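Asker: Sequence:
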Amino acid sequence: MTAPPSREAITGLVLAGGRGQRLGGVDKGLQPWQGRALVDHAIARLAPQVATVMISANRHLADYASRGARV
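Each residue of the sequence shown is one higher than the one before, counting from 1 in the working numbering.
What the hints contain is simulated information worked out from the structure, not anything from laboratory work.
Just so it is clear, the structure is predicted and the values come from calculations on it, not from any experiment.
Ideal placement from N, C-alpha and C gives every residue a C-beta, glycine not left out.
Honestly, I wouldn't trust all of these hints.
The calculated label-pair distances, taken between Cβ atoms and stated as ranges, are [to be verified]:
#1 A65 with A3: 31 to 39 angstroms
#2 M1 with Q21: 42 to 50 angstroms
#3 Q31 with R70: 15 to 23 angstroms
#4 M1 with R59: 42 to 50 angstroms
#5 Q21 with A47: 44 to 52 angstroms
Make the full structure from the sequences, and use the hints.
Answerer: Right, here's the structure in full:
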């Protein structure tokens, strides 16, 4: 049995590239929930488990980049 990869060897990816079609074109990742954008909740859960967090997005790139993750 092989050992699991170390945290330093893992990159986490937040998928935020949808069209927001079900929300009338609104970017779901930037919508507030419990006082913060949904993407901020995802980053907060993912960051302690990985070395690097990246966001895959196709619009509002500056908004996503402001979260400190590579877009």
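Asker: Against each hint, give a clear statement of whether it holds in the structure.
Answerer: Structure-based check of all given hints:
Look at A65 against A3: about 34 angstroms separates their beta carbons, and that is inside 31 to 39 angstroms. In this structure the supplied range 42 to 50 angstroms holds for M1 paired with Q21, their Cβ-Cβ distance being about 44 angstroms. In this structure, Q31 and R70 meet the distance hint of 15 to 23 angstroms, their C-beta atoms being roughly 22 angstroms apart. In this structure the hint that M1 and R59 lie 42 to 50 angstroms apart at CB holds, the actual value being about 43 angstroms.
In this structure the supplied range 44 to 52 angstroms is violated for Q21 paired with A47, their Cβ-Cβ distance being about 29 angstroms.
The structure is inconsistent with hint 5 alone, although it conforms to all the rest.
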